[in-house]
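Q: One-letter residues, chain by chain:
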Amino acid sequence: MSAQKNKFDLPRQLFYVLIVRPVLMILLGLSARHLERLTVKPRHAIAANHNSHLDALVLMSLIKFRDIPKVKLVAAKDYFCRTPLRTWISTNLIGVIPIERSPKEGEDVLEPVKKAIEDGYTIVIFPEGTRGEPEKRQPLKYGIAKLVQEMLDITVTPVFMHGLGKSLPRGEALLVPFVCRVNVGEEIGWGGDRTAFIALLEKSLSELEKELDPKEWS
Amino acid sequence: MLSVLFANPVYLSIAGVFGVLIVASVIVRIMRRNDTEGHYRELDARVKSWWFMIVIFSLAIVTSPVVSVIFFAFLSFLALKEYFSIIPLRKADRRALFWAYLAIPVQYYFVANGLYGLFIVFIPVWVFFLLPFRLIVAGQTDGFLNSVAKISWGLMIAVFAVSHAAMLMQYSKALQGHVGLIMFLAVLNQGNDVAQYVWGKLFGKTKIVPEVSPKKTWEGFMGGVMTTVVIAGLIYPLLTPFTFQFALLTGVLIAVTGFIGDVTFSALKRDLKIKDSGNLIPGHGGILDRIDSLSLTAPLFFHCVRYFYFVG
Numbered sequence: 002m003s004a005q006k007n008k009f010d011l012p013r014q015l016f017y018v019l020i021v022r023p024v025l026m027i028l029l030g031l032s033a034r035h036l037e038r039l040t041v042k043p044r045h046a047i048a049a050n051h052n053s054h055l056d057a058l059v060l061m062s063l064i065k066f067r068d069i070p071k072v073k074l075v076a077a078k079d080y081f082c083r084t085p086l087r088t089w090i091s092t093n094l095i096g097v098i099p100i101e102r103s104p105k106e107g108e109d110v111l112e113p114v115k116k117a118i119e120d121g122y123t124i125v126i127f128p129e130g131t132r133g134e135p136e137k138r139q140p141l142k143y144g145i146a147k148l149v150q151e152m153l154d155i156t157v158t159p160v161f162m163h164g165l166g167k168s169l170p171r172g173e174a175l176l177v178p179f180v181c182r183v184n185v186g187e188e189i190g191w192g193g194d195r196t197a198f199i200a201l202l203e204k205s206l207s208e209l210e211k212e213l214d215p216k217e218w219s
Numbered sequence: 010m011l012s013v014l015f016a017n018p019v020y021l022s023i024a025g026v027f028g029v030l031i032v033a034s035v036i037v038r039i040m041r042r043n044d045t046e047g048h049y050r051e052l053d054a055r056v057k058s059w060w061f062m063i064v065i066f067s068l069a070i071v072t073s074p075v076v077s078v079i080f081f082a083f084l085s086f087l088a089l090k091e092y093f094s095i096i097p098l099r100k101a102d103r104r105a106l107f108w109a110y111l112a113i114p115v116q117y118y119f120v121a122n123g124l125y126g127l128f129i130v131f132i133p134v135w136v137f138f139l140l141p142f143r144l145i146v147a148g149q150t151d152g153f154l155n156s157v158a159k160i161s162w163g164l165m166i167a168v169f170a171v172s173h174a175a176m177l178m179q180y181s182k183a184l185q186g187h188v189g190l191i192m193f194l195a196v197l198n199q200g201n202d203v204a205q206y207v208w209g210k211l212f213g214k215t216k217i218v219p220e221v222s223p224k225k226t227w228e229g230f231m232g233g234v235m236t237t238v239v240i241a242g243l244i245y246p247l248l249t250p251f252t253f254q255f256a257l258l259t260g261v262l263i264a265v266t267g268f269i270g271d272v273t274f275s276a277l278k279r280d281l282k283i284k285d286s287g288n289l290i291p292g293h294g295g296i297l298d299r300i301d302s303l304s305l306t307a308p309l310f311f312h313c314v315r316y317f318y319f320v321g
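Chains G and A, in that order, give the protein sequences.
First residue of the first sequence: 2, per the numbering used here; consecutive thereafter.
First residue of the second sequence: 10, per the numbering used here; consecutive thereafter.
Incorrect hints may appear among the rest.
Only pairs whose alpha carbons sit at most 16 Å apart, straight line, appear in this in silico EDC-like list of lysine to aspartate or glutamate [as the list claims (entries may be wrong)]: (1) A:LYS100 with G:GLU173; (2) G:LYS216 with A:ASP280; (3) A:LYS282 with G:GLU217.
Derived contacts from chain G toward chain A, CB cut-off under 10 Å, selection only [to be verified]: (4) PRO170; (5) LEU176; (6) CYS181; (7) ASP214; (8) SER219.
No lab work stands behind these hints: they were computed from the structure.
Beta carbons: idealized from backbone N, C-alpha and C, even for Gly.
Taking the hints into account, I'd like the entire structure generated from these sequences.
A: Structural data, given as structure tokens:
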């Protein structure tokens, strides 16, 4: 269904507003800068750094109630669709577009993402592709550049997040509360070629990180 | 309507606080009328946040003793979380931090049940000596002392100190509902912060500790002490069993320790090279920025009152 017609998606909206947002607010506490830059519109993507499974939920809980039905998250199929129950929660409540991390020959993993963009959704992507070492930014993958190249007119809002990699890093099941800090950057567009685009995104994320000046593990 | 106010002195003092807040809001509104360059925008945000905080605080203390304890426990949780988020720690400390958080429900269980003997030793004795063992189990000795010191200090100020404000309930019981002394402490402590700020803004010249907090002046400090003592002299018959002299003495104690608590946190923030501890409260900063003075004042006021008034 096209995102423009998709004005309501009550299960998802209530899931975020009544469950995810309050739990995250009480347990972690979200502190966001430049939140007004986080826009939801057709042919638009939000690109964030990736530290924790909670990243997706935190980003979504920053989206306004009425915009929630217009946003989808790109996430790894092997994690988010491991069991039928998880698949159901991922697609119906979280709003995940599952993609293959190890595709077969000739398969275009970005196909479902492109379709969502064509349908007018704003998509959330984690261009590092992996959570990696907590709170250490990984080199950006070219998948996002490819996506933007093929759809030259899409715009991208970079988002830097910190704290989640301390609260729930890879390989840890125990959540330890730390304040989660988010910094939203200025929208960027296609810089001419893939390398230029990746460089632009890297630069923006680095500046957002510098502005927050997060405390790393010593 | 009026008879409800006079039936409980705590209600009357809450009404008084709202009266002051209304006057402050009107003054700020007038100041902002000619303020085209936005000099008072932060002041405006600050007063708006005061409305929010005072409404929540009032509801928390008048509803029931259990709600009051939960409120202070939650305040401790927010403060501890903010503290752990601004100080550099080691990855190996994660599990110990989790245990440190668990000290909060235990400490407030003792508060809720009036178990003074456990309340007073749980964090300084049991947690202080046992929590480092969790760090030892984690196996990283580099920076061990550093982490033990940081975690212990955080627990003392965010949990042990704040829980003293809630523990005042045990000594107010027979008097005015359960919160007379809490209200007395809160009004004087927060009022002292505001008074020192206002006197400092109006007449501040001579800096006390310019390296730590350039805005703290002798004029602001003395004005704050005087204001706090006057308020103590006015409200003590409503909220406390104190004599007039003792009420004035607690006024001085609250004002002086409030100042010390304030600059202690300024030193901490300078050390960490940050301006505010967070941005949870618009115009004020984080929770720690708001309760910095309380974390020093609450235990000292508590023990002064307990020693001279209830135990002897």
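Q: Any hints from earlier that this structure breaks? Give me their numbers in increasing order, please.
A: When the structure is compared with the hints, none of them turns out to be violated.
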